[in-house]
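Chain A is fixed; fit chain B onto it per the hints.
Number of protein chains: 2
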Amino acid sequence: MTELADRRLLALAPNADRIQYRLDTLAKIGGLDGGGCCRLAFTDDDRRGRDLVASWMRDVGLDVVVDRIGNIVGVTPGRDGEAPIMMGSHIDTVATGGRYDGNLGVIAGLDVIETLKEAGISTDRPLALVVFSNEEGVRFQPDMMGSLVYAGALKLDEALAVTDGNGRTVAADLNAIGYLGDAPVGAVKPHAFVELHIEQGPVLDRAGEVLGVVENLQGIAWHELIIKGVSNHAGTTPMEMRHDAAFVAAEITTFVRRLASEIGRGQVATVGSIHLHPNLVNVIARDAKITVDLRHTDDALLAEAEHRLFAFIDNLAREEGVTIDRRELVRTQPVIFSPYVTGMIRQAAERRGMPVRSMTSGAGHDAQMISTIAPTAMIFIPSRDGISHNPREYTEPAHIAIGAQILLDTVVALANDHTGIQA
Amino acid sequence: MTELADRRLLALAPNADRIQYRLDTLAKIGGLDGGGCCRLAFTDDDRRGRDLVASWMRDVGLDVVVDRIGNIVGVTPGRDGEAPIMMGSHIDTVATGGRYDGNLGVIAGLDVIETLKEAGISTDRPLALVVFSNEEGVRFQPDMMGSLVYAGALKLDEALAVTDGNGRTVAADLNAIGYLGDAPVGAVKPHAFVELHIEQGPVLDRAGEVLGVVENLQGIAWHELIIKGVSNHAGTTPMEMRHDAAFVAAEITTFVRRLASEIGRGQVATVGSIHLHPNLVNVIARDAKITVDLRHTDDALLAEAEHRLFAFIDNLAREEGVTIDRRELVRTQPVIFSPYVTGMIRQAAERRGMPVRSMTSGAGHDAQMISTIAPTAMIFIPSRDGISHNPREYTEPAHIAIGAQILLDTVVALANDHTGIQA
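Top line first, the protein sequences correspond to chains A and B. Per our numbering, the very first residue in the first sequence carries number 1; after that it's consecutive. Per our numbering, the very first residue in the second sequence carries number 424; after that it's consecutive.
So that you can see chain A by itself, here it is in the shape it has in the complex (with noise of 0.2 Å):
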């Protein structure tokens, strides 16, 4: 690059208040009091809201197909063949959701587009905004699945055929809003995809920073936990004669945050429900059903936390004379993230003088799906109050300017860089 273009591209910057206003034009589309956002995916506010993103897309220049999933993916035109560098992440919201997780990764992409169009700069390779569907997976499971498919880890066909609580099928809903498309899912290969993303959850927010690059995401295992015990009296049975499961379940939950601390390095664990029966005040509880949530980046370390809680229970239940049976309801691996890209990101921090914090993601993303096909990495801003999936979600306009200058610096180096690539 010529000392020429690095100095217009420094001096190239998106628009805050085009971002701003297009994040609250799309969040009156299923708007709740309180600024929230409710735009299930494949609902009539779902298609009102991609008949906008489209429209936006459209007007920026880009060609704009929809896949045989509903993602919408725009290419800026003329370069056909060209794997592009992608952005991109969702608009569909939960029942009760904010108004930037997913739609701010779209907004600011193609504000990122739009800039570079204003400023009559091109890049060396083309670039492409992808809106996946169906990322919360409310009414269709599993969540992620337009990325899914996109990846190749979800067949079309049984993406498709998923129902919902009613027995609707996703492709009767996705052509009933009229977003059954006839393009080849995952027919654009990117050389590399970014997402911008809110963090939603405490860390950028509490310490008082603003940028952070996601080396990884925490692979996840859950397990339910069924404890039975016997019950009895409160007052008439000696302490040393109980086989009291809602004990049992509680010596567990305080395991489980020293399993955490033990196991270190990132590692999260939580018990987050508990179910009693009698569940009353005088009778010892017979029977508990827990569920514990283990999540850890390293997969090695995620499996000797399950591991050491599996031997803790097997020894608790001999020693309370009770029994505990498991089952494992979700287990997925860690994701990391190409270090190419999220040197990128680094870098174009440091070029703005911009301190970043390296980060996990402890939900999941898009994004994680399409690192199996491209060098893959996400940027995240803070969410006030670690809020997220709730109307209260908020994240500073200031922030999100510099998200979206970030997300802008670092897709024009991925798109003119041909040194030593892939991750």
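To be clear, the hints were calculated from the coordinates, so they are not data collected in a lab. We put the CB at the ideal spot given by N, CA and C, even for glycine. Don't take each hint at face value.
[Said to hold, decoys possible] Heads up, simulated BS3-like pairs for lysine-lysine below, C-alpha to C-alpha not over 25 Å straight-line:
#	chain 1	residue 1	chain 2	residue 2
1	B	K578	B	K612
2	B	K540	B	K651
3	B	K651	A	K289
4	A	K228	B	K712
5	A	K228	A	K289
6	A	K155	A	K117
7	A	K189	A	K117
8	A	K289	B	K578
9	B	K651	B	K578
[As the list claims (entries may be wrong)] Here are the computed distance ranges between Cβ atoms for each label pair:
#	chain 1	residue 1	chain 2	residue 2	range
10	A	R308	B	S684	24 to 34 Å
11	A	T163	B	A584	29 to 39 Å
12	B	K451	A	A161	22 to 32 Å
13	B	K451	A	G167	43 to 53 Å
14	B	M664	A	V330	53 to 63 Å
15	A	I226	B	K612	53 to 63 Å
Below, chain B without anything else, positioned relative to chain A:
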């Protein structure tokens, strides 16, 4: 007592078959599948049960009156004004009750009186049998209502005005079943009171023993704890940033077990109820509501247990950054039974060569109310597997025979004793 009289008394045994027959006959009224009973106080089935038992009481020659709270009191005739040795219990049951709880104390007492009458033996003091109203307190609270009013610890007018969930009063329902009597409550003041009861706990059954002498009843402290933390994502929230209401609930639950062990000497402590919100696998719980049930026979130690619990809670709330509000649901004093009466029970067992275990009652009984107006104690016999308030409640006929024998021997000894009295 002469040697002759002593030998006659040693040969005297209640009629075990008659006791069994009467237990079975009474259990058919409000009978449940599986052998249990539903005879809620002041219902039509209660009336039928009362009619049957009152007819048996008259058949054995007792002068029977019904007092103004519905207690049925029968006294051996012709001894007006003399303080009797009183036996008795209750015949109302919980909704899914057994046939032994309460009923045994009444029917065995009846058999003691009938056995003595058949043998032509009279005692120095008269004997009395009482059927107390509404011991279970299912529809109308407080429980032990009849004996509470009998002992003067609850005013008659207040008891009669108590309403059930439908606004019906005790007075109206007692009147409807024909048991709003006209005898003054507590007019017959016993010289001593003895209640035979099933243990309703596992101690005798597990130990393979048959007889218990109840020395005391536990004082009870029930506290509800309301924990308010912060709900957050189980993946994105680092362990050190959590204010996890489920963890706090679990810490208290495991502490309560340690507390019982530290206080010792019969301290029991139970968390039987835990409610979490939102109670989901992947969300750190915001709210928890738990109950703590503490019981001890020593009031100072019970207060010490409460004190340590509160200190632990206050410290934990600070450490975890949550608030914990507490509400006292129940607080009763322990009851110490009369050493005079427990001594008589122990002597009676010794004379029969029966080992007898000193016990604490973890459940409430009419005897604890009567203990405030007369020397009182209780005899326990085993509950199979400690099960009670359940159709599966069961006590072996051979154990019932032994219990009734010791009741008879104790009552006769009390009725004929003129040595150092008064506990």
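Looking at the structure, which of the earlier hints fail to hold? As far as the earlier hints go, 2, 6, 8, 9, 11, 12, 14 are violated by this structure, in ascending order.
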